[in-house]
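**Student:** One letter stands for each residue in the lines below.
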Amino acid sequence: MGDKRRGRGFAAGWYGIARTATVDRAGAWAELDDGGTAKVVTGVTEIGEGILTVLAQVAADELGVRPEDVMLGDNDTSRTPEAAHAGASRQTYMIGNAVALACREARGRLVAEVADHWGVDPASIVTRAGAVWARNSNLRMTMDEAVRLCKGRGVVPVGSGTFASQHTGLDPETGGGRPWQAYVFGAQIAEVEVDTGTGEVQVLGVWAAHDVGRAVNPRGVEAQIEGGVVMALGQALMEDYRLKDGYTTTPGFAKYVLPTSLDVPRITSVIVEDPDPLSPLGVKGVGEPGMVPTVPAIMNAIYDAIGVRITSLPATPEAVLEALRGTRDRQPGNAAR
Amino acid sequence: MSSLELDLEINGRRIRRTVPAHMRLLDFLRDELNLTGAKEGCGAGECGTCSIFIDGVLMKSCLVPTARVQGKKIETVEGLARRGELSPLQKAFCRTGASQCGYCIPGMVMAATAALRRNPHAGMEEIKESLSGNICRCTGYQKIFEAVALARDVMNGMLPATALDAEVLGDTFVGASVRRLDAPSKVTGALKYAADMTMLGMLHMQVLRSPYPHARIVALDTAEAEAMPGVEAVVTHRDVPGVDGFGVFVHDQPVMARDKVRYVGEAVAAVAAENLDIAKAALARIKVRYEKLPAVFDAFEAMRRGAPILHDTARDNVVMHIPIRRGDVEHGFAESDVILEETYRTQAIEHAYLEPEAGLGYVDQDGVVTIVSPSQNVTHHRHALSRILALPINKVRMIMSPVGGGFGGKEDMIYQGMLALAALKTRRPVRYVFTREESIVATAKRHPFVVSYKMGVKRDGRICATSMYMVADGGAYGLSTEGVMRKAAILAAGPYNIAHVRVDAIGVYTNNTPSGAFRSFGALQSEFATESHLDMIAERLGIDPIELRRINGMRDGAITHTRQQLDSVSLMTVLDAVAKAAGWEAGAPTVRGETRSDLGAAGNRPPCTLGARLKTRETRDSWEVA
Numbered sequence: 000m001g002d003k004r005r006g007r008g009f010a011a012g013w014y015g016i017a018r019t020a021t022v023d024r025a026g027a028w029a030e031l032d033d034g035g036t037a038k039v040v041t042g043v044t045e046i047g048e049g050i051l052t053v054l055a056q057v058a059a060d061e062l063g064v065r066p067e068d069v070m071l072g073d074n075d076t077s078r079t080p081e082a083a084h085a086g087a088s089r090q091t092y093m094i095g096n097a098v099a100l101a102c103r104e105a106r107g108r109l110v111a112e113v114a115d116h117w118g119v120d121p122a123s124i125v126t127r128a129g130a131v132w133a134r135n136s137n138l139r140m141t142m143d144e145a146v147r148l149c150k151g152r153g154v155v156p157v158g159s160g161t162f163a164s165q166h167t168g169l170d171p172e173t174g175g176g177r178p179w180q181a182y183v184f185g186a187q188i189a190e191v192e193v194d195t196g197t198g199e200v201q202v203l204g205v206w207a208a209h210d211v212g213r214a215v216n217p218r219g220v221e222a223q224i225e226g227g228v229v230m231a232l233g234q235a236l237m238e239d240y241r242l243k244d245g246y247t248t249t250p251g252f253a254k255y256v257l258p259t260s261l262d263v264p265r266i267t268s269v270i271v272e273d274p275d276p277l278s279p280l281g282v283k284g285v286g287e288p289g290m291v292p293t294v295p296a297i298m299n300a301i302y303d304a305i306g307v308r309i310t311s312l313p314a315t316p317e318a319v320l321e322a323l324r325g326t327r328d329r330q331p332g333n334a335a336r
Numbered sequence: 000m001s002s003l004e005l006d007l008e009i010n011g012r013r014i015r016r017t018v019p020a021h022m023r024l025l026d027f028l029r030d031e032l033n034l035t036g037a038k039e040g041c042g043a044g045e046c047g048t049c050s051i052f053i054d055g056v057l058m059k060s061c062l063v064p065t066a067r068v069q070g071k072k073i074e075t076v077e078g079l080a081r082r083g084e085l086s087p088l089q090k091a092f093c094r095t096g097a098s099q100c101g102y103c104i105p106g107m108v109m110a111a112t113a114a115l116r117r118n119p120h121a122g123m124e125e126i127k128e129s130l131s132g133n134i135c136r137c138t139g140y141q142k143i144f145e146a147v148a149l150a151r152d153v154m155n156g157m158l159p160a161t162a163l164d165a166e167v168l169g170d171t172f173v174g175a176s177v178r179r180l181d182a183p184s185k186v187t188g189a190l191k192y193a194a195d196m197t198m199l200g201m202l203h204m205q206v207l208r209s210p211y212p213h214a215r216i217v218a219l220d221t222a223e224a225e226a227m228p229g230v231e232a233v234v235t236h237r238d239v240p241g242v243d244g245f246g247v248f249v250h251d252q253p254v255m256a257r258d259k260v261r262y263v264g265e266a267v268a269a270v271a272a273e274n275l276d277i278a279k280a281a282l283a284r285i286k287v288r289y290e291k292l293p294a295v296f297d298a299f300e301a302m303r304r305g306a307p308i309l310h311d312t313a314r315d316n317v318v319m320h321i322p323i324r325r326g327d328v329e330h331g332f333a334e335s336d337v338i339l340e341e342t343y344r345t346q347a348i349e350h351a352y353l354e355p356e357a358g359l360g361y362v363d364q365d366g367v368v369t370i371v372s373p374s375q376n377v378t379h380h381r382h383a384l385s386r387i388l389a390l391p392i393n394k395v396r397m398i399m400s401p402v403g404g405g406f407g408g409k410e411d412m413i414y415q416g417m418l419a420l421a422a423l424k425t426r427r428p429v430r431y432v433f434t435r436e437e438s439i440v441a442t443a444k445r446h447p448f449v450v451s452y453k454m455g456v457k458r459d460g461r462i463c464a465t466s467m468y469m470v471a472d473g474g475a476y477g478l479s480t481e482g483v484m485r486k487a488a489i490l491a492a493g494p495y496n497i498a499h500v501r502v503d504a505i506g507v508y509t510n511n512t513p514s515g516a517f518r519s520f521g522a523l524q525s526e527f528a529t530e531s532h533l534d535m536i537a538e539r540l541g542i543d544p545i546e547l548r549r550i551n552g553m554r555d556g557a558i559t560h561t562r563q564q565l566d567s568v569s570l571m572t573v574l575d576a577v578a579k580a581a582g583w584e585a586g587a588p589t590v591r592g593e594t595r596s597d598l599g600a601a602g603n604r605p606p607c608t609l610g611a612r613l614k615t616r617e618t619r620d621s622w623e624v625a
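Chains as they are written, first to last, in numbering that gives the first Met the number 0: chain L, 0 to 336; chain Y, 0 to 625.
Quick caveat, the hints were computed from the structure, so don't treat them as lab data. One should not assume that every hint holds.
[As the list claims (entries may be wrong)] Under 7 Å between C-beta atoms, here's a sample of chain Y residues computed to sit facing chain L:
id, residue
1, 423
2, 435
3, 439
4, 511
5, 581
6, 592
7, 603
[Unchecked claim] The calculated DSBU-like cross-link candidates involving lysine-lysine, where the alpha carbons are at most 35 Å apart (straight line), are:
id, chain 1, residue 1, chain 2, residue 2
8, L, 243, Y, 291
9, Y, 259, Y, 279
10, L, 254, L, 3
11, Y, 279, L, 243
12, L, 254, Y, 579
13, Y, 394, Y, 191
14, L, 243, Y, 453
15, Y, 71, Y, 279
16, Y, 279, L, 254
17, Y, 457, Y, 579
18, Y, 286, L, 254
19, L, 254, Y, 394
20, L, 254, Y, 72
21, Y, 424, Y, 453
22, Y, 191, Y, 72
23, Y, 259, Y, 394
24, Y, 259, L, 254
25, Y, 191, L, 38
26, Y, 394, L, 38
27, Y, 291, L, 3
28, Y, 259, L, 243
29, Y, 424, Y, 191
30, Y, 453, L, 3
Using N, Cα and C, we set each Cβ at its ideal position, and we do this for glycine too.
Go ahead and model the full structure; you've got the sequences and the hints to work with.
**Tutor:** Here it is, written out as structure tokens:
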């Protein structure tokens with residue numbers, strides 16, 4: 000029987016937002032619609048991260064409606080403007096900003112008509128959560144009325160937006176270049192318990208601090224960090240797609256082991272907001288960077304607990320036991336190389 | 000084929016149907032009754048997406064023959080929210096944001112319902128055990144646990160029912176945790192993924208795949224399969240009218256193998272038939288004669304002279320080599336007090352999204368070739384398909400169906416080309432749904448890396464030089480290897496000020512399953528090496544690992560390894576934030592786990608001891624709703 004030993008490990012990381020070393024761009028259309036609702040149409044790719052909700056929040060604030068008033072038309076290459084793929088942690092940054100710009104144009108059309116109708120400076124007009132008013136006045140109407148007024152004057156309040164992130168290619172010899180304009184940074188601490196008899200590693204807690212730029216939906220940000228941490232935990236401890244002479248020996252979930260509810264740590268996310276200065280919204284991204292520090296944080300925690308450096312992933316019970324055997328007669332603090 | 004007179008109760012209604020005797024309950028629910036809330040994730044009882052109740056007992060419907068449920072009462076996720084009123088658990092899932100892609104969620108809601116029906120006072124450990132047969136790949140389970148605990152407390156009267164309502168919002172919304180707009184459709188099973196969709200006159204596709212890792216196709220004869228009654232078309236590379244080849248960065252994978260196959264599981268031919276049984280039978284009638292070729296399964300061996308060559312366009316088997324050069328590393332090592340070398344290895348990983356690939360293809364009334372599929376990258380797919388079909392871009396339409404998890408794995412156009420060719424050939428809608436095994440064998444993985452690391456530091460902790468030589472197995476086709484090498488290389492040395500940096504990232508062709516885009520795209524692998532290495536350096540120098548990052552970390556105005564100036568660098572803020580959140584006890588990482596004072600803080604879960612709940616029945620625990 001072995002005993003159970005605990006330890007903690009630390010790791011940091013960084014990541015670039017949007018497509019690497021090439022110009023990234025996204026487009027969107029917006030319309031303030033009847034009943035004070037809104038349409039936003041963009042080739043966005045919701046893969047579960049919650050980007051549609053994020054865009055509805057952005058559109059709601061920019062237009063002056065509520066998120067539930069926003070109808071999102073999403074990815075159909077014949078019906079929506081190009082906004083490209085779900086990847087590179089790019090959608091909140093690229094498409095969020097494109098939607099904001101489209102909404103600003105649509106709102107501008109509406110506000111110009113309302114201001115002219117009231118005889119006030121367009122800059123004095125506020126649109127918020129379904130209401131329209133002029134500052135320092137009693138002039139006020141609903142968004143429903145404002146859209147009707149606008150259309151009655153012959154204007155459909157539509158707008159389009161295009162947002163670019165200007166990146167340059169890398170020099171083929173030195174790698175010099177400007178691959179991204181927005182960078183994020185993160186750091187994590189993992190606490191583990193290692194059973195020295197079985198080699199089993201349990202990750203009990205992970206603390207994850209990540210700069211995401213301005214956080215549009217904090218709960219959604221946490222969810223991305225939590226999902227990323229657990230996916231990385233799978234890579235750290237159990238997942239292993241194996242091939243023998245080109246034939247997989249892990250063809251299903253009985254052989255390819257995934258983290259379940261019993262394997263996951265408690266995760267504490269700390270959201271750090273360092274707004275991006277180069278874009279209208281100040282947002283950045285979180286889809287991928289949340290998983291970057293997790294694997295080394297766990298490996299460093301295993302070392303802290305039992306003095307074994309795992310340098311080949313994953314740290315399965317077999318691998319941990321093997322490493323423990325190899326280091327038993329060495330000095331502590333000078334473990335496996 | 001024998002049939003069965005079925006008489007049973009489903010969601011409170013009596014159902015009588017005649018079905019084939021061998022039919023699985025999952026297919027009966029989905030195909031006969033249109034109850035598509037139960038999903039097929041693995042077909043082997045391993046993932047839980049098809050969970051339902053039979054006479055009140057939670058079961059995986061993919062494992063149950065329909066004959067076994069004669070006269071029984073079945074409850075599916077569609078039965079939980081009768082007349083549109085969500086159950087408390089479904090509301091709680093919406094409230095906490097427990098659904099992301101949503102594909103596992105109907106099954107997860109059923110498992111959670113079972114847990115609370117069995118024990119309305121279940122503690123968190125018991126809840127976790129009850130959910131352990133259901134895999135979720137998106138959420139990390141945290142918000143699911145929170146949802147179940149919330150529903151439990153509301154159902155027990157410990158929290159008011161209003162605790163399930165969406166958060167009260169002000170009049171501005173950016174910065175607020177607005178409830179996911181798509182949550183209700185996911186917790187009720189109402190959302191239709193590609194495999195849940197049908198079209199009138201739809202054909203079913205099956206794909207013949209390579210049995211060899213590397214072989215020349217000497218003969219490919221589809222005549223016998225095409226002649227079978229019920230087979231509408233067999234498509235091969237011969238049906239490709241345009242320039243064949245897909246891949247996000249490197250377009251070297253043909254829609255179906257031409258001349259040769261380069262990995263086990265590569266598509267060779269596809270059949271479109273009236274039903275799946277006919278399509279499967281037709282695959283056996285396609286005659287392919289292969290001449291086996293020498294194969295290579297190791298990236299280093301593939302780079303050696305004389306190794307088997309996969310692609311004529313890369314005689315050295317190198318897909319892409321990205322170098323980063325800054326300063327002079329030899330000079331940096333010479334001025335270092337301590338030099339540490341180590342080799343790191345990472346493995347291939349499967350994306351394991353719960354939704355296997357699926358799609359529909361059809362040609363519309365205006366001759367527009369249309370593909371509905373859970374693609375992460377329809378913009379790229381339309382360009383690729385337009386080239387492959389030699390059609391103008393406005394005659395190709397890609398519609399994204401709800402994506403049941405992607406993580407990079409649904410960026411490449413693995414099967415949409417076959418659907419397009421079959422739709423063009425038959426002029427009928429064609430649907431193709433992968434099995435889990437097909438998804439695993441045919442689609443890309445995370446690149447395995449070998450990183451040879453050398454770092455030189457001063458005694459005070461300052462990094463003088465970093466050298467990283469990284470070789471990655473790209474597998475049989477280029478896909479995203481170029482991009483993965485680039486991101487891995489740029490970020491490899493970490494967010495640290497280092498005067499002398501030499502990084503090489505080399506992606507190599509082998510006859511393994513192709514590697515492709517995978518969440519964090521090479522950075523996970525290269526930064527794993529750097530962050531492990533820094534821990535060893537910290538130990539050697541007797542410096543706290545966070546302090547070591549403070550000594551070297553980039554700050555506002557820093558110059559990156561690619562010589563870009565960064566105006567705003569939040570690294571110091573995140574270092575302080577994580578140390579504070581975890582209550583980190585500073586000290587060098589010298590295996591001091593046993594003596595640390597910061598262990599066991601709030602924010603840990605208890606260690607897992609299976610079966611413990613059988614001895615002690617907890618009624619409450621520390622899991623609180625935020």
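**Student:** Would you mind marking each hint as holding or not holding in the structure?
**Tutor:** A quick look at each hint next to the structure:
1. With a least beta-carbon distance of about 17 Å to chain L, the hint placing residue 423 of chain Y at the interface is violated under the 7 Å criterion.
2. The restraint placing residue 435 of chain Y at the interface with chain L holds, with a minimum CB-CB distance near 6 Å, inside the 7 Å limit.
3. For the restraint placing residue 439 of chain Y at the interface with chain L, the shortest Cβ-Cβ distance is roughly 6 Å, inside the 7 Å limit, so the hint holds.
4. For residue 511 of chain Y, the suggested interface contact is upheld, since its CB lies about 5 Å from the closest CB of chain L, less than 7 Å.
5. Because the beta carbon of residue 581 of chain Y sits about 4 Å from the nearest beta carbon in chain L, less than 7 Å, this interface hint is met.
6. For residue 592 of chain Y, the interface hint holds, the least distance from its beta-carbon to any beta-carbon of chain L being 3 Å, beneath 7 Å.
7. Satisfaction of the interface hint for residue 603 of chain Y is found here, the shortest Cβ-Cβ separation to chain L being roughly 4 Å, below the 7 Å cut-off.
8. Straight-line distance between C-alpha atoms of residue 243 of chain L and residue 291 of chain Y comes to about 17 Å, which keeps the hinted pair within the 35 Å bound.
9. Distance hint between residue 259 of chain Y and residue 279 of chain Y is fulfilled; the C-alpha atoms sit about 23 Å from each other, no more than 35 Å.
10. Pair hint residue 254 of chain L plus residue 3 of chain L holds up; C-alpha atoms about 27 Å apart against a cutoff of 35 Å.
11. Between the alpha carbons of residue 279 of chain Y and residue 243 of chain L the distance comes to roughly 27 Å, so the proposed pair stays at or under 35 Å and holds.
12. Distance restraint check for residue 254 of chain L and residue 579 of chain Y: the Cα-Cα separation of roughly 39 Å exceeds the 35 Å cut-off, and the hinted pair is therefore not satisfied.
13. At roughly 26 Å between alpha-carbon atoms, residue 394 of chain Y and residue 191 of chain Y fall within 35 Å of each other, so this suggested pair holds.
14. For the suggested pair residue 243 of chain L and residue 453 of chain Y, the alpha carbons sit about 31 Å apart, so the restraint of at most 35 Å is met.
15. For the proposed pair residue 71 of chain Y and residue 279 of chain Y, the alpha carbon gap of about 32 Å is at most 35 Å, so the pair holds.
16. For a cut-off of 35 Å, the pair hint linking residue 279 of chain Y to residue 254 of chain L stands: about 25 Å separates their Cα positions.
17. Of the pairs offered as hints, the one joining residue 457 of chain Y and residue 579 of chain Y holds, with about 28 Å between alpha carbons and a cut-off of 35 Å not exceeded.
18. In summary, the hint linking residue 286 of chain Y to residue 254 of chain L is supported, as the alpha carbons are separated by about 32 Å, within the 35 Å threshold.
19. Using a Cα cut-off of 35 Å, the hinted pair residue 254 of chain L and residue 394 of chain Y is violated, with the two alpha carbons roughly 43 Å apart.
20. Pair hint residue 254 of chain L plus residue 72 of chain Y holds up; C-alpha atoms about 33 Å apart against a cutoff of 35 Å.
21. Under the criterion of a C-alpha separation no larger than 35 Å, the hint pairing residue 424 of chain Y with residue 453 of chain Y is inconsistent with the structure, at around 57 Å.
22. Taking the CA atoms of residue 191 of chain Y and residue 72 of chain Y, the gap is near 25 Å; set against the 35 Å cutoff, the hint holds.
23. For the given pair, residue 259 of chain Y sits about 30 Å from residue 394 of chain Y by alpha-carbon distance, which is consistent with the 35 Å threshold.
24. This hinted pair checks out: residue 259 of chain Y and residue 254 of chain L have alpha carbons roughly 30 Å apart, not beyond 35 Å.
25. With a C-alpha separation of about 22 Å, the suggested pair residue 191 of chain Y and residue 38 of chain L falls inside the 35 Å cut-off, and the hint holds.
26. Proximity of residue 394 of chain Y to residue 38 of chain L is assessed by CA-CA distance (about 26 Å); at most 35 Å being required, the pair is judged to hold.
27. Simply put, residue 291 of chain Y and residue 3 of chain L have alpha-carbon atoms about 51 Å apart, too far for the 35 Å limit, and the pair is violated.
28. Distance check on the hinted pair: residue 259 of chain Y and residue 243 of chain L sit about 20 Å apart at the alpha-carbon level, within 35 Å; holds.
29. The hinted pair formed by residue 424 of chain Y and residue 191 of chain Y meets the criterion: a straight-line CA distance of about 27 Å does not exceed 35 Å.
30. Among the hinted pairs, residue 453 of chain Y with residue 3 of chain L is consistent with the structure: their alpha-carbon atoms are about 33 Å apart, no more than 35 Å.
Violated hints for the displayed structure, listed by number in ascending order: 1, 12, 19, 21 and 27.
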